[in-house]
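Enquirer: Residue numbers (this note's numbering), protein chains in the order written: chain A, 1 to 115; chain B, 1 to 487.
Derived by calculation from the structure, the hints in this document are not laboratory data.
It cannot be assumed that every hint is accurate.
[Unchecked claim] Taking lysine to aspartate or glutamate pairs in the DMTMM-like style, the calculated list, with each CA pair at most 25 Å apart, reads:
1) A:K96 x B:D468
2) B:K92 x B:E215
3) A:K22 x A:D69
4) A:K23 x B:D316
5) B:K321 x B:E215
6) A:K22 x B:D140
7) A:K96 x B:E465
8) A:K23 x B:E465
9) A:K22 x A:E108
10) B:K318 x B:E465
11) A:K22 x A:E105
12) A:K23 x B:D140
13) A:K96 x A:E110
14) A:K23 x A:E105
15) A:K96 x B:E357
16) A:K23 x A:D33
17) A:K96 x B:E215
18) A:K96 x A:D33
19) B:K433 x B:D316
20) A:K22 x B:E465
21) B:K321 x B:D268
22) B:K92 x B:D140
23) A:K96 x A:E5
24) A:K23 x A:E110
25) B:K318 x B:E215
26) A:K22 x B:D468
27) B:K402 x B:D316
28) B:K318 x B:E357
29) B:K437 x B:E357
[To be verified] Some chain A residues close to chain B (C-beta under 7 Å, calculated; not the full set):
30) M1
31) L4
32) A6
33) T11
34) M35
35) G41
36) F42
37) Y43
38) I86
39) I109
40) E110
Bear in mind that the values here come from a model prediction, so they are computed numbers and not experimental data.
From the three backbone atoms N, C-alpha and C, an ideal C-beta is built for every residue, glycine too.
Below are the chains, spelled out letter by letter.
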Amino acid sequence: MFILEAFILATVLCGFFGIILKKNLMMKILAMDVMSTGVIGFYVLVAANTGLFTPIAAPESRGPVEYADPVPQAVILTAIVIGFSIQALMLVGVMKLSRDNPTLECREIERNNMP
Amino acid sequence: MMTLTLAWIALPLIVGFSIYLLPQLARALTLVVSVVSVVYGLWHVLNPDPIVLSLVDSFGVRLIVDQLSGFFILTNAVVTAAVICYCWQTGKNAFFYTQAIILHGSMNSIFICADLISVYVALEVIGIAAFLLITYPRTDRAVWVGLRYLFVSNTAMLFYLLGAVLVYQSSRTFAFTALSGAPREAIALIFLGLLSKGGIFVSGLWLPLTHAEAETPVSALMSGVVVKAGVFPLIRFAMMMPELAPTVRIFGVSTALLGVSFAIFAQDTKRLLAFSTVSQLGFVLAAPAAGGFYALTHGLAKAALFLTAGNLHSRDFKVLKNNPISVSRWAVLAIAGCSVMGVPLLAGFGAKTLTSEALLPWQSNLLIFATVGTAIAMAKLIFIPRASHDSDTDGKETVKQKTVSAGYWLAVGLLLGGLFLANGLYPDAYSLKNFAKPAVIISIGWLIYFFVIQRVSVSVSRVVEQFDHLIGAMSLVLTLLFWMVLT
């Protein structure tokens, strides 16, 4: 469990530093996606704390089963959808910017568009 | 009351999506929705009994509506109504009104949320709607400014989500009350998300460029209400969990000082207003108990200032100094500016008095500097030269004045009228002792303006506002927060 947590936090940090260190706007957006993947993984891990069995009520009783916690899963499903739509919106913005800044270099775009 | 609250929350979203089917009614429908919110907000301001709703069951959505929410809802409603009036004749299409009303609805829901996940969803919807409003002109610069905003806010919200799940892990619920027993790192992560989203301290330096480069009505909306989305949950935390209040208060004071020191040296009217927003948010956080009323007066005054600044012939103070502005618009700037400074007869005075009563001793000593700074910054606006009559076009060097529509006057009338009426909410402020303090502070501020600030021209570097630095500042603030909550 501890190892998994460490890996997930490493993913989040990789994403975060990618946002800062990558020069290309497209890569920055992808790095943000890596970061959000890490966050989603963390939710799944927390949900699995109590057990791994899918939390669906079965008609026949099978005795006590260790269910996964459904609440974090439900929450992260919402967050995945929101994250996905924001990603899509950003990519549309990048498409628009790429017409005048074909290299999509963040510094360049910033220099052209700052007052 | 529960049905009424739920209907009121759903109304903006339903209207927002049906606007596409009835584009002719877009403006009227949005106005109706904001009037409904005015009534709902006012009702809660006047009836302070809190309403607590817990939907579904213990894992469901929690809502709390009390006087604090009432003040924020009222701010949101009045500013939205004013912006709709302002846009009435500008030929914006249904898309703009859809976004405006969805933004209004999600702001409303954040002001009554009491669990971490509802706040998250509302904040993300606000981010998307604000992005679409900023990029409405579809120019490269608008797209870049919007993208930068969305990027910063989404990264901040990822940290927030990490914090939220840590809270859940320790207490099996997402309700705000779980924060009191939450691990320290969870609190630090949640605070980072909210501070960045609300434009507080160094993690909020995305705000000036975004507010200054957006279109006039959008910047009024952003500065008047949208920034309060990040601030409101922080105030709620400070009120509910006394152990979190010191952190909120410290950030309030440091933001007030940071914002105002940038505002004094701003060379551009809209940038000055944006930095002044940063510092006023600091005041809201510095005294959480008085935050609601302060946010109301700040929202109304700042929206009026932004709407007016966008209708002057230039944003550069040097150009404005040589080309007088019309008296009527100057009057709007002066009245709203006076309210921000806390001049009696305007609601800003009551709010300042109420805030200074709720401050701790160490805070009031530091915040005096911020108040003097506010007076200096507003003096820069108030002492813009004005022409003797409205249509001054005699000199050939005179820059062409922009004409304003009737919608502008209606919007400004609504906002300034609100500032006068809001005086009635706290009549106890009017005592002789309370008059002396703003008088002294404003005269000191104006003296400094005349003898120092007017004569020097310092241009502050914009390096800290570069995109990479904005994201980097988040990691610094996170380190600071860890250090603060651990000690």
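Enquirer: Each hint needs a verdict: does it hold in this structure or not?
Expert: Now for the hints, and whether the structure bears them out:
{"no.": "1", "hint": "A:K96 x B:D468", "verdict": "holds (21 Å)"}
{"no.": "2", "hint": "B:K92 x B:E215", "verdict": "holds (12 Å)"}
{"no.": "3", "hint": "A:K22 x A:D69", "verdict": "violated (37 Å)"}
{"no.": "4", "hint": "A:K23 x B:D316", "verdict": "violated (32 Å)"}
{"no.": "5", "hint": "B:K321 x B:E215", "verdict": "holds (23 Å)"}
{"no.": "6", "hint": "A:K22 x B:D140", "verdict": "holds (21 Å)"}
{"no.": "7", "hint": "A:K96 x B:E465", "verdict": "holds (23 Å)"}
{"no.": "8", "hint": "A:K23 x B:E465", "verdict": "holds (17 Å)"}
{"no.": "9", "hint": "A:K22 x A:E108", "verdict": "holds (13 Å)"}
{"no.": "10", "hint": "B:K318 x B:E465", "verdict": "holds (23 Å)"}
{"no.": "11", "hint": "A:K22 x A:E105", "verdict": "holds (9 Å)"}
{"no.": "12", "hint": "A:K23 x B:D140", "verdict": "holds (19 Å)"}
{"no.": "13", "hint": "A:K96 x A:E110", "verdict": "holds (15 Å)"}
{"no.": "14", "hint": "A:K23 x A:E105", "verdict": "holds (6 Å)"}
{"no.": "15", "hint": "A:K96 x B:E357", "verdict": "violated (51 Å)"}
{"no.": "16", "hint": "A:K23 x A:D33", "verdict": "holds (16 Å)"}
{"no.": "17", "hint": "A:K96 x B:E215", "verdict": "holds (19 Å)"}
{"no.": "18", "hint": "A:K96 x A:D33", "verdict": "holds (20 Å)"}
{"no.": "19", "hint": "B:K433 x B:D316", "verdict": "violated (39 Å)"}
{"no.": "20", "hint": "A:K22 x B:E465", "verdict": "holds (18 Å)"}
{"no.": "21", "hint": "B:K321 x B:D268", "verdict": "holds (12 Å)"}
{"no.": "22", "hint": "B:K92 x B:D140", "verdict": "holds (19 Å)"}
{"no.": "23", "hint": "A:K96 x A:E5", "verdict": "violated (38 Å)"}
{"no.": "24", "hint": "A:K23 x A:E110", "verdict": "holds (12 Å)"}
{"no.": "25", "hint": "B:K318 x B:E215", "verdict": "holds (22 Å)"}
{"no.": "26", "hint": "A:K22 x B:D468", "verdict": "holds (10 Å)"}
{"no.": "27", "hint": "B:K402 x B:D316", "verdict": "holds (15 Å)"}
{"no.": "28", "hint": "B:K318 x B:E357", "verdict": "violated (39 Å)"}
{"no.": "29", "hint": "B:K437 x B:E357", "verdict": "holds (13 Å)"}
{"no.": "30", "hint": "M1", "verdict": "violated (12 Å)"}
{"no.": "31", "hint": "L4", "verdict": "violated (14 Å)"}
{"no.": "32", "hint": "A6", "verdict": "violated (14 Å)"}
{"no.": "33", "hint": "T11", "verdict": "violated (11 Å)"}
{"no.": "34", "hint": "M35", "verdict": "holds (6 Å)"}
{"no.": "35", "hint": "G41", "verdict": "violated (11 Å)"}
{"no.": "36", "hint": "F42", "verdict": "holds (6 Å)"}
{"no.": "37", "hint": "Y43", "verdict": "holds (5 Å)"}
{"no.": "38", "hint": "I86", "verdict": "holds (5 Å)"}
{"no.": "39", "hint": "I109", "verdict": "holds (6 Å)"}
{"no.": "40", "hint": "E110", "verdict": "holds (6 Å)"}
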